[in-house]
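Just so you know, the protein sequences line up as chains R and H, in that order.
Residues in the first sequence are numbered consecutively from 1, following this note's numbering.
Residues in the second sequence are numbered consecutively from 1, following this note's numbering.
Straight-line Cα separation of at most 30 angstroms, DSS-like style, residue types lysine-lysine; simulated pairs:
(1) H:K7 with R:K25
(2) H:K172 with H:K155
(3) H:K7 with R:K80
(4) H:K49 with R:K82
(5) H:K7 with R:K82
Hints listed in this document are in silico derivations from the structure and should not be mistaken for laboratory results.
The primary structure of each chain is shown beneath.
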Amino acid sequence: MSDSIYLDEARDPLIIAEDWMTDGKDVAIATVVETWGSAPRPVGSHLVIDAEGNFHGSVSGGCVEGAVVTEAIDVIDSGKAKMLEFGVADETAWQVGLSCGGRIRVYVERLG
Amino acid sequence: MDPYALKTLNAERRARRAAILVTDLGDGRDRIVREGDQVAGDLGAAIAKAFRSGNSGSVEAEGRTFFLNAHLPQPRLVVIGAVHISQALAPMARISGYPLEIIDPRTAFATPDRFPDVALHAEWPQDVLQRQPLDSYTALAAVTHDPKIDDFALKAALDANCFYIGALGSRKTHAKRVERLLALGASADQVARIHAPIGLDIGAASPAEIAVAILAQTIHAFRSRGLEAKGAVA
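The shape of chain R in the complex, shown without the other chains (with noise of 0.2 angstroms):
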């Protein structure tokens, strides 16, 4: 059968943030929740990030996830869920956002 069918478990962030645990690490699972107007991922999509700031999946189209895995460091420390919300980018104050011009909602929480 074609590979497609099957998880591809390599690039999959939920398989990864599972081998991260079993391998021992602390993990932070970001979830797209909500999106509004143009947004480059669907709602349910995943970034996983470990305490060193590796991350697989991606929330946006690499627009917000260097916010999302500063974030995502946080919530690992201190092991309380954020809800973080991203709009249009405001280059002149060079604000993380979202050129596309969508915004999304993202939960961010500790996996354990």
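Guided by the hints, dock chain H onto chain R, whose structure is given.
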């Protein structure tokens, strides 16, 4: 996320079974719901809908906000028969999001030349399906007309509870097929699940039109999974 929930979810996904991770966005508690698990109230209704659509999203229920992350296996289509219909069906199914594979032991039919870029098995269904079993997220269309090739696959599809099972042939041909499948041990209820003549009744005449009818019926079966019991599907 609860580590046990993550392990359970990944195990279900590896086994090609549908599961939904339900997270209470207020307190962060989560749990896995499998297809067929009974969940009451508004939350249960939203979960049933998410299993049918495969769409994830938030839902308000019992004064709380839950996030439902629906993980459905990739639906796929197995076609028994490397025939003219299959040649038209292969690209259409792929574009529609139903990756397709073709099984036909007749090596004159199952050639890469006739089926470029298609997963093709020039083998008996018995051999292929033993290695790669059917499941409830697989559709099966039997289009060889040849009982020696089609019958085993149809019985296997009934036993695996494939979400769609169709078989090419007239009502008369199908009546004989029903007798053979009953003799193979299929129940009358099982056999009644087979769509024959195959495809939505759109008056399809050419092989490509029949392919459209088969694909449309496959999509309808997938999107109405679980509704039959409530009489919502004709």
